[in-house]
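J.: The lines below spell out each chain.
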Amino acid sequence: MTEKLTPTQIAWRAAQDITDGAYVNLGIGLPEMVARFQPPGRQAIFHTENGILGFGQAPEPGQEDWDLINAGKKAVTLKPGTAFFHHADSFAMVRGGHLDVAILGAYQVAENGDLANWSTGPKGVPAVGGAMDLVHGARRVAIITDHVTKKGEPKLVESCTLPLTGVGCVTRVYTSLAVVDIEDGHFVLREKLPSISLDDLQSLTGARLHTPGPVGDLTAPEL
Amino acid sequence: MTEKLTPTQIAWRAAQDITDGAYVNLGIGLPEMVARFQPPGRQAIFHTENGILGFGQAPEPGQEDWDLINAGKKAVTLKPGTAFFHHADSFAMVRGGHLDVAILGAYQVAENGDLANWSTGPKGVPAVGGAMDLVHGARRVAIITDHVTKKGEPKLVESCTLPLTGVGCVTRVYTSLAVVDIEDGHFVLREKLPSISLDDLQSLTGARLHTPGPVGDLTAPEL
Amino acid sequence: MDKTIPDLASAVAGIEDGMTVMIGGFGGSGNPIELIHALIDRFLATGHPRNLTVVNNNAGNGHVGLAAMIEQGMVTKLICSFPRSADPVVFTERYLAGEIELELVPQGTLAERIRAGGAGIPAFYTPSSYGTDLAKGKKVEEFDGRPYVQERWLKADYALVKAHVGDRLGNLTYRMAARNFGPLMCSAAASAIVQVSRIVEPGGIDPEAVITPGIFVQGVVEVPKPVQEEELNRAKAVYPEVAE
Amino acid sequence: MDKTIPDLASAVAGIEDGMTVMIGGFGGSGNPIELIHALIDRFLATGHPRNLTVVNNNAGNGHVGLAAMIEQGMVTKLICSFPRSADPVVFTERYLAGEIELELVPQGTLAERIRAGGAGIPAFYTPSSYGTDLAKGKKVEEFDGRPYVQERWLKADYALVKAHVGDRLGNLTYRMAARNFGPLMCSAAASAIVQVSRIVEPGGIDPEAVITPGIFVQGVVEVPKPVQEEELNRAKAVYPEVAE
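Residue numbers (the working numbering), protein chains in the order written: chain A, 464 to 686; chain B, 464 to 686; chain C, 14 to 257; chain D, 14 to 257.
One chain only, chain A, in its complex shape (with noise of 0.2 Å):
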C-alpha cells in the first residue's frame, strides 16, 4: 500500500494556498476541514450558502445556537464583522464571482475541468445542494479527494462517467498523492509526495499528468 496523505494532511495542503483575506466557502464534509489549518497571520472569510458571511469555528458543546449553523448543518459561531443575507443574495456572491476561492470533495474531475460530486448514479435520492453554484461561481474551483477511490480506480479521468456537477470548472486538484492543475483540458502536475514515482503516480492517473514545469515536492506535518 502507497504512503499518503491523510484527509486531514490533503485539507492542510489547501489551506496553504488561501491568501489573506480570501472569500472561500467550504463544501460539506472534508472540505470544512480546510477552516483549521489557515497559516499563521492569514484570515481567510468563510462564506456558507444558508446566509453568513465572516463567521467563525465551532462552538463547545451545548453551546449550539441552532439559528447560527453551516451548510453542511453544524453550529458556528459569530466573529467581529459577521453579516447575514437571505439565499439569493448569499447565491450572488457564489453566483456573481465574488469568492476567491471554493473547496470541495470529487467523486470524480476529468482533464478538461468537468467535475462529478452530486449523483453515484441514479439509485437512491438524489441531492444537488449548493454545489452547481459554487463550481460556476468562485475564482478558483479546488478540489479534495483521495487519489483514488475505495476500489483503487483512478478518481483524476480523461472524463467523467458520472453525473456531471459542472463543466470545465475544476481548476485545481489536491489528492492524497499529488496536486494537479487544470490547464488548457490537461492535467498538470505540480506537486507529488516524495515517495512515490511519476510512473506510480500515473498508474493511479486516468489521464495523463503533464509535467511542462518542474515538480515539487507535496508534504504535509502530521496532524
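Hints listed in this document are in silico derivations from the structure and should not be mistaken for laboratory results. Incorrect hints may have been included.
Claimed, not checked - DSS-like cross-link-like pairs, simulated, lysine-lysine; straight-line CA separation at most 30 Å: (1) D:K151 x C:K151; (2) C:K249 x A:K537; (3) C:K151 x D:K149; (4) C:K90 x A:K537; (5) D:K152 x B:K586; (6) C:K149 x D:K90; (7) C:K152 x D:K151; (8) A:K586 x C:K152; (9) C:K149 x A:K586; (10) B:K586 x D:K90; (11) D:K152 x B:K536; (12) D:K238 x B:K614; (13) A:K536 x C:K90; (14) D:K238 x B:K542; (15) B:K537 x D:K238; (16) A:K542 x C:K238; (17) D:K152 x C:K151.
With chain A's structure known, arrange chains B, C and D on it following the hints.
T.: Frame of chain A; chains B, C and D shown alone:
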C-alpha cells in the same frame, strides 16, 4: 368653456377609490396630490421607487432631511412602520405585482389600455424613470389627467400617437370630466360631470365611450 | 391595517388541497414548526389540505415539521435542492416507493427562482447546472461566448415562514441564519403567513433594520417561544406524538 | 484584512480612461459627492480619467457632482433612467449638442440589470418596456402567454458609492433613502469604492443590520460630514469654484 374639475379635485376623486391598507405608488407631480385626500378612517401605505414604504407627508419647511425624499425628489417624513430598501427590492415590489394601485399622469390613453406618458417625441431629452415598470406591476393602473390637452385635443384616444409607456396596462382614467374604465379594449363610462351631456363628453373623447351600465355623477368638493 | 392573526389554526386555515406551499428553513434552522404542526392538526381533523406541492430547501428531518407532513401523506410533490439530512428516512421511503414526486433544483437556482417569482421576472439565465442532468430539456443561450441555462420563476399560493420580530403591518426581522429563504418566499407567495417570536407596534422595528417590508406579508402570528427543529430531532421527537 | 483607504485621492486613483463607472445616488440623495469631486480634481490635474461611461439613475443636477463631471467633459456615455432634474442644464446642453451618448433604461430595469451583474445572471426577462421604443431591437419571449423583453446584466469597472457606516472589512449600512442603488452597484463593480461617514471596527455593525456585506466592497474611505447634493444645489454651488 365647459365646467370641469380642477387637478386637485381629480386627485380627490381618485383618492376615494383607494381602500384602507392599500399599497399605492403615486407618480411625480399631480398624482402625488392624491395622498392628501385619503378618506377618513382609511390609511393607504405609500411606496416610492427610491426605496421607502410607508412614508408620511412633507415636513415643515426647514425640517427637510435630504436623505428622506420621494421619487419626485421632494422631502417626506417617517411614519411608524416605515421600511427602507434598495432599488432592486423596490422594483421587485413594483414588477412583482405587490402594489394595489399605481396612479400616473398621461399624455394619451388608448381604448385598449395603452398609455403614453413619457415622451412627446424625438425633441429634447428623453426621460422615463419608473413609469414603464409601474404600468406592468401594479394590480390597478389608474390615470389622472385633464380630459383634453391644452389645445383641446382628446387625451382618450383610439390609439396612441405618442411613444408608448406600456401596452394594454391602464385600468381606469380619472379626468376633469369623467371616470372611465378600460374593459375588453373599450372605454366604459362610469361617471361624468352632471353638467355635461353624454354627447358633449363624447365629442371631447377620441374613441367611443361605452355605457353598458348606469353612469354616475362625478362630483368633488371645493378644494 | 392589522395583519396579525390571533392563533395558529386561523393562520393556516386558507391552505387548500392541491396548493403550492413554500416553507422556509434550511436544515434545522428557520423552520416554521408551529405553523406546520397547525397544518398537520387540520389535516388530521379534516383530511385537508392534501396533494400539496411543497417548496423547501430540504425534505424534512426526523419526524417533525415538513418530515411529519410528508409522513402524514399531505405532500404529493417536493421542490428542493437537498433532500438529505441527518435523518431523512420519511422522504426517502416515500420517494423510493414512488409515492412522492421530486423536482431537484440547484440551491442557488432555487433561491433565484423564488426571488424571480416575487420580483416579476418570469425567467432568467444562470450558469448553474449547464451540461448536467438537471439542465436536460431546458433552454440554453449563449451570452458573451458562455452558455447559460434558462430557469423559470417559482411562485406559491402560500408561504409559511418563521421570522423573529414582526409588526402588525407585516414588517419583519429574522434571527441569524434562520433568515435563509424567508424573505424570498414571503415575496413569491400570494399569501405569506409568518410566525414571529414577538409582535410589536409599527415603529417598533428600526426602518433601516426591516428585512422583509410588510408589503410582502399577508399574516403574522405570534409564537413566543418557537421550538427549534434541530432540538426536536436531537430529542427524537415525533409529531403528532400519537399518530391517528 | 483592511479595506480602508486613507484619503479621497487614493480612493479614486485606479479609475482609468474608458472605464465604466457606476455612481450611486437618486436625485439629490446618496450621491458620493466627495468621491466625484476627488475624481474631478484628478482630471483637472492630469487630464485623466476621460471617456468614461457613467451609470447613474439621473444625469446630475446643477454644477456639482455628476453634473460637474459631465461639464468637465469626462463622460462620453451615460446610462440612466431619468436625465432630468430641477436643473439638468449641463447634461441637456451636451446631449442636444451630440457630445454625450445616452442609453435610456427604465428605472426598474436599470436596477435589475445592475443586480444581475452582481449576481451572475447574464440576462433576464421583464414586462417593462414591452411594446415601446425602449424595447426596440431587444429579444422578446412569451411566458405563460404574456410577452417579456430580454435584458442583459450591467457591470462596471468601478462603483463610487455613498454609505453611512462601514467597517474595515467593507460591511456597510446606509442612511434612509440614500441606500437606493448603492448595494446593487457595490455588487456589480469589479472595484466598489465607498465613502462612509464613519469607519468602525469589525463588530461595530450589528450582523443583522449589515446591508452590503464586505465581500462586495473593495475600498472604504471616511468622509465624516459629507455634503448633500441637494443642499449644494440649493446654494447654487459650482464645482470647482474656479474652473480652469
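J.: Indicate, hint by hint, whether the structure satisfies it.
T.: Results for each hint:
Taking the CA atoms of K151 (chain D) and K151 (chain C), the gap is near 21 Å; set against the 30 Å cutoff, the hint holds. Note on K249 (chain C) and K537 (chain A): the hinted pairing holds, with a Cα-Cα distance of about 18 Å set against a maximum of 30 Å. About 27 Å separates the Cα atoms of K151 (chain C) and K149 (chain D), which keeps this hinted pair within 30 Å; it holds. The straight-line distance between the Cα atoms of K90 (chain C) and K537 (chain A) is roughly 28 Å, inside the 30 Å bound, and the hint therefore holds.
For the hint pairing K152 (chain D) with K586 (chain B), the CA-to-CA distance comes to about 27 Å; that is within 30 Å, so the pair holds. Among the hinted pairs, K149 (chain C) with K90 (chain D) is inconsistent with the structure: their alpha-carbon atoms are about 41 Å apart, more than 30 Å. Note on K152 (chain C) and K151 (chain D): the hinted pairing holds, with a Cα-Cα distance of about 18 Å set against a maximum of 30 Å. Using a Cα cut-off of 30 Å, the hinted pair K586 (chain A) and K152 (chain C) holds, with the two alpha carbons roughly 27 Å apart.
A distance of roughly 18 Å separates the Cα atoms of K149 (chain C) and K586 (chain A); the hinted pair therefore holds under the 30 Å criterion. A hinted pair counts as satisfied when its Cα atoms are at most 30 Å apart, and K586 (chain B) with K90 (chain D) qualifies at roughly 19 Å. Between K152 (chain D) and K536 (chain B) the alpha-carbon distance is near 33 Å, which puts this suggested pair outside the 30 Å criterion. A C-alpha spacing of about 50 Å is found between K238 (chain D) and K614 (chain B), which places the hinted pair above 30 Å, so the restraint is violated.
Of the supplied pair hints, the one linking K536 (chain A) and K90 (chain C) holds, its CA atoms being roughly 24 Å apart against a limit of 30 Å. Our distance criterion of 30 Å between C-alpha atoms is met by K238 (chain D) and K542 (chain B), whose separation comes to about 26 Å. With a C-alpha separation of about 22 Å, the suggested pair K537 (chain B) and K238 (chain D) falls inside the 30 Å cut-off, and the hint holds. For the given pair, K542 (chain A) sits about 26 Å from K238 (chain C) by alpha-carbon distance, which is consistent with the 30 Å threshold.
Distance restraint check for K152 (chain D) and K151 (chain C): the Cα-Cα separation of roughly 18 Å lies within the 30 Å cut-off, and the hinted pair is therefore satisfied.
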